[in-house]
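S.K.: Chain residues, written in single-letter form:
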Amino acid sequence: MIENLFLAIFFTPFLWILLLAFIFFSRIKLNELILSEAVKYLSLLMTIFTAFLLGITFFHSPAFLLLDYPDWIQVGTYQFKFRFIVDLLGATYAFLASALIGLIFRFSRNYLHREEGYFRFIFLLSIMLFGLMIISFARSLDILFAGWELVGTTSILLISYFYNKPQPVYHATKAVISYRLCDMGILAAAAWAHLYLHSHDFTVISRLLDHAHGGPGVVVIGLFIIWASLAKAGQLPMTSWLPTAMEGPTPSSAIFYGALSVHLGPFLLLRFSEYFSHFPLLLLIVGAIGFCTAIYASLVGRTRSDAKTMLAYSTISQVGIIYIEIALGFTNFALFHIVTHASLRTYQFLRSSSLIQDFVENPAVEFNSSIKRSSFFENYFSIELKKKLYIHALHGFHLDFYTYKILNMLFWPFKAYIQLEEKWMESDTKLLKMLLRKFR
Amino acid sequence: MRFTSLFLELTPLVSTFFPAILSLFYDFGRKWQNFIISILAILTLFFASIFFTENFSSSFDVHHFFDIRFNKISIFIGLLYCGSLFVGLFPLRHSQTITPTFLFYVANGLGIILANNLTTFFIFFLLQRVIPLKGFFREEVGGTYFFQHVLTGLCFLALMFLAYQQGLLITPMSEMPSTFFSWPVLLLSFVIVYEAHGIFPFHSWVHDVVGKLPWYEFSAIFLCRAGILIFAQLLLPSLKYDPDIFKLTLLGLSIFSSIYWSMRGIVEFNLSKKTTYFYIAQASLLLTGMQADLTALKGSYLHMLVISISGTSLFSILSFVQQSFSFKRRSQYYGLAIYYPKLATLFCLFGFCMIGVSLGPSFVVEDLVITGLLEYHQYLGLGHVLATCLNGVLFFLLFTKVFLGPSPYKDQPLNMDMSLFEMFPYLLSLIILFCIGIMPSLFLERITW
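Chains A and B, in that order, give the protein sequences. For what it's worth, the working numbering labels the leading residue of the first sequence as 1, then goes sequentially. For what it's worth, the working numbering labels the leading residue of the second sequence as 1, then goes sequentially.
You may find that some hints are simply not true.
List time: in silico EDC-like cross-link candidates among lysine to aspartate or glutamate, alpha-carbon distance up to 16 Å [what the hints assert, rightly or not]: (1) B:K72 to B:E445; (2) A:K433 to B:E422; (3) A:K81 to A:D201; (4) B:K247 to B:E375; (5) A:K433 to B:E375; (6) A:K388 to A:E378; (7) A:K430 to B:E140; (8) B:K134 to B:D244; (9) A:K438 to B:E140; (10) B:K72 to B:E9; (11) B:K342 to B:E445; (12) A:K430 to B:E139; (13) B:K273 to A:E422; (14) A:K81 to A:D68; (15) A:K165 to A:E116; (16) B:K342 to A:E116; (17) A:K387 to A:D400; (18) A:K174 to A:D400.
Estimated spans, in silico, between C-beta atoms of each pair [what the hints assert, rightly or not]: (19) B:W183 to A:F162: 58 to 68 Å; (20) B:F18 to A:R114: 28 to 38 Å; (21) B:I245 to A:K165: 52 to 62 Å.
Treat the hints as calculated values from the structure; they're not laboratory data. Every residue, glycine too, gets a C-beta built ideally from N, C-alpha and C.
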């Protein structure tokens with residue numbers, strides 16, 4: 001029964017995507033109301049399915065169900081099997097994803113009413129839902145990567161939702177560079193795990209570690225995993241793209257950068273928590289990254305004046321704290337933190353667009369101008385120090401500047417080579433001209 | 001079922017060479033366009049019908065020096081060659097001015113694909129590479145193209161001389177004895193393969209071709225995969241006996257080449273150059289899989305299918321768009337998605353098929369090639385991962401530049417998309433590509449050569 005339920009969770013969004021793709025390329029004009037009603041029932045169905053699965057795994061926890069399907073690819077001795085795991089972590093994330101995406105579908109019915117790109121928005125969010133289901137239940141890195149890429153791609157396309165404006169496109173480019181750089185980490189980790197442990201199955205990696213000969217190769221897998229988690233979670237040094245990714249419509253910002261996509265980094269670390277428990281040094285690195293990011297994001301966030309950017313920085317800061325929790329070994333607490341934080345941020349992001357109206361018209365919201373923001377530590381800082389800190393935080397501690405400087409340095413030999421090649425090609429053309437004139 | 005009649009053996013060459021020669025004497029105007037596309041469609045069906053015939057193999061020896069053969073790999077590349085060009089050219093049949101010269105490219109390309117020995121291969125290779133020189137000489141450009149091909153020609157002649165010394169000049173390439181593969185032979189083959197495939201450090205001729213030849217002529221040169229064919233038939237059988245340093249150099253340069261083309265594309269502003277560099281960056285990775293092991297080799301053949309169809313479609317879509325919008329007008333973004341929402345989606349999907357997004361066939365390719373490469377050399381596998389990552393960035397930059405952002409063309413009517421009929425070859429190719437991405441075994445089982 002669980003297997004059938006699992007298959008239903010997988011195939012419902014997949015078939016829905018195929019149907020939407022068919023509608024797009026055919027000449028069928030789909031009414032907005034029909035579309036919004038359809039996605040409402042789809043998300044409701046998905047939420048019921050995943051809730052049921054979560055219930056089952058919760059009462060059977062810590063046991064889990066392993067699902068193996070026939071070979072997807074078989075070349076020589078190499079086999080790629082569809083392997084899935086239904087456990088508390090995966091089922092919780094799948095339920096969270098279905099419930100929140102359902103909420104976003106409902107919210108966007110009014111928010112994006114008569115919007116030109118409403119169909120595109122629904123289509124991309126459906127792909128994201130499918131990608132998240134893959135990630136939630138993936139049992140090996142290569143399957144997880146399949147979902148990871150789908151979520152990344154939809155995220156980028158939604159940042160550039162208002163594609164006829166330059167800023168969203170520019171910020172989508174920034175996001176794609178960060179994503180691709182970190183996605184390398186998953187591919188490399190999968191490859192390294194295959195090489196050193198002969199498997200990238202999460203359930204056996206920690207067992208295989210006992211038999212592995214150790215050495216740097218096994219530790220490098222963890223480093224790649226940490227690196228892979230940074231972009232999606234917006235942790236240092238991959239922080240600067242996330243606050244600028246708020247160019248998309250508010251519902252997509254809420255679901256990606258407040259709730260689901262941003263927590264995929266911690267989710268990946270939680271999937272590898274057993275592996276990390278063998279390497280305290282790696283946990284220290286995870287903790288250090290989380291700590292630095294939490295401080296950085298809370299300082300920079302305080303200097304921002306618009307609600308969505310402030311929320312973005314506070315999300316990054318909270319995810320930093322989740323990193324610290326994972327580093328300290330509080331994995332269940334980290335999962336609880338992910339669920340509560342994602343739910344709260346979704347609410348805050350969705351309310352952010354009506355914040356001004358709330359202050360003006362909503363009697364339930366009290367605006368007290370006499371509230372003075374200060375903290376215990378601020379009293380011990382001198383004004384000079386506070387000024388300096390403020391100015392640096394305002395510039396995001398020049399993170400972008402140094403990133404571009406490093407990238408420029410990496411490109412320098414390449415640019416020098418291009419110049420050399422162009423000169424060489426010019427001299428070739430001159431020689432050819434000379435030869436042609438001589439023979440004519 | 002065996003196709004042994006003379007007619008069938010020579011169909012691809014006769015059906016292209018004869019009209020090509022005829023075109024030198026008679027001007028049929030725009031009728032050529034439909035005629036060329038029809039020939040491509042017929043040849044696609046011809047190759048497809050043979051490809052799906054089990055265990056088909058034949059060889060046709062016209063003369064000792066002129067030997068063509070049909071085996072699985074040549075039929076596969078022939079099918080991709082004609083099929084991709086058809087997919088690319090069909091939507092443009094009313095608007096594109098395809099010159100009769102293009103038939104010479106196609107005919108020689110098919111000659112390269114079907115050549116069985118070094119002599120036949122050399123003749124067709126030389127003929128195909130000589131065609132653009134007429135235009136280059138007239139405009140006094142293309143110096144690097146000329147000199148690099150002179151170098152390749154000399155290398156080819158030297159290789160043939162070495163084969164002649166051992167009495168192997170007319171021996172089929174795949175049947176060369178292992179004693180033939182001395183260091184000079186390996187080095188000469190290396191230069192030929194890398195130059196023909198546009199791989200660093202013999203890549204500079206590509207810069208000369210981009211923008212000077214129409215995209216379909218450039219595709220006709222690249223799609224016949226001369227470098228791959230020489231590698232697969234001449235070098236691959238001997239690869240396991242070759243010194244490690246040779247293999248490592250070959251692999252390292254292929255990966256570096258892909259990184260080079262991607263970075264070159266990232267810093268490039270010209271759109272046709274950017275697209276070509278993206279295409280070549282992907283094509284450079286073909287050789288890496290071939291050199292690693294069986295797993296990666298199968299991945300490479302699948303990769304060849306993906307980049308042939310998707311690459312030509314990308315060029316074709318850009319070419320269609322350029323009929324109404326000039327990219328000579330310098331702009332950070334062209335924002336054409338407003339005018340072509342469906343073509344923008346197709347462009348995006350074809351690109352995703354190439355860069356390894358899941359559900360697309362390249363995801364399978366990446367998995368197979370990286371796994372195979374790592375079995376051979378772990379750091380080269382990592383290099384491949386970097387190359388893939390940069391390719392993805394380059395594609396997104398290309399897509400955003402053409403289709404996203406504010407459009408500088410304000411006075412154009414909205415929605416100028418193709419009709420469903422015109423898009424049909426693209427849609428059919430996409431369905432095939434995604435079916436392969438979802439059920440790769442269906443395709444991989446057929447690669448048994």
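S.K.: Now look at each hint and say whether the structure bears it out.
M.R.: A quick look at each hint next to the structure:
Of the pairs offered as hints, the one joining K72 (chain B) and E445 (chain B) holds, with about 13 Å between alpha carbons and a cut-off of 16 Å not exceeded. Only pairs whose Cα atoms come within 16 Å are accepted, and K433 (chain A) paired with E422 (chain B) is rejected, the gap being roughly 44 Å. Restraint check for K81 (chain A) and D201 (chain A): satisfied, since their Cα atoms lie roughly 10 Å apart, inside the 16 Å limit. For the hint linking K247 (chain B) to E375 (chain B), the alpha-carbon distance of about 14 Å falls within 16 Å, and the restraint holds.
Taken as a hint, the K433 (chain A) and E375 (chain B) pair is broken in the structure, with Cα atoms around 49 Å apart against an allowance of 16 Å. For the suggested pair K388 (chain A) and E378 (chain A), the alpha carbons sit about 13 Å apart, so the restraint of at most 16 Å is met. Our distance criterion of 16 Å between C-alpha atoms is met by K430 (chain A) and E140 (chain B), whose separation comes to about 9 Å. Between K134 (chain B) and D244 (chain B) the CA atoms are separated by roughly 42 Å; this puts the pair beyond 16 Å, and the hint is violated.
Proximity of K438 (chain A) to E140 (chain B) is assessed by CA-CA distance (about 13 Å); at most 16 Å being required, the pair is judged to hold. With a CA separation close to 14 Å, the supplied pair K72 (chain B) and E9 (chain B) stays within the 16 Å bound. Restraint check: the Cα-Cα separation between K342 (chain B) and E445 (chain B) comes to about 33 Å, which exceeds 16 Å; the hinted pair is violated. In summary, the hint linking K430 (chain A) to E139 (chain B) is supported, as the alpha carbons are separated by about 12 Å, within the 16 Å threshold.
For the hint pairing K273 (chain B) with E422 (chain A), the CA-to-CA distance comes to about 14 Å; that is within 16 Å, so the pair holds. A C-alpha spacing of about 7 Å is found between K81 (chain A) and D68 (chain A), which places the hinted pair at or below 16 Å, so the restraint holds. Taking the CA atoms of K165 (chain A) and E116 (chain A), the gap is near 15 Å; set against the 16 Å cutoff, the hint holds. Restraint check: the Cα-Cα separation between K342 (chain B) and E116 (chain A) comes to about 14 Å, which is no more than 16 Å; the hinted pair holds.
A C-alpha spacing of about 21 Å is found between K387 (chain A) and D400 (chain A), which places the hinted pair above 16 Å, so the restraint is violated. Of the pairs offered as hints, the one joining K174 (chain A) and D400 (chain A) holds, with about 11 Å between alpha carbons and a cut-off of 16 Å not exceeded. Checked against the hint of 58 to 68 Å, the C-beta distance between W183 (chain B) and F162 (chain A) comes to roughly 60 Å, which is consistent with it. A hinted range of 28 to 38 Å is violated for the C-beta pair F18 (chain B) and R114 (chain A), which are about 59 Å apart.
At about 53 Å, the beta-carbon gap between I245 (chain B) and K165 (chain A) stays in the expected band of 52 to 62 Å.
Violated hints for the displayed structure, listed by number in ascending order: 2, 5, 8, 11, 17, 20.
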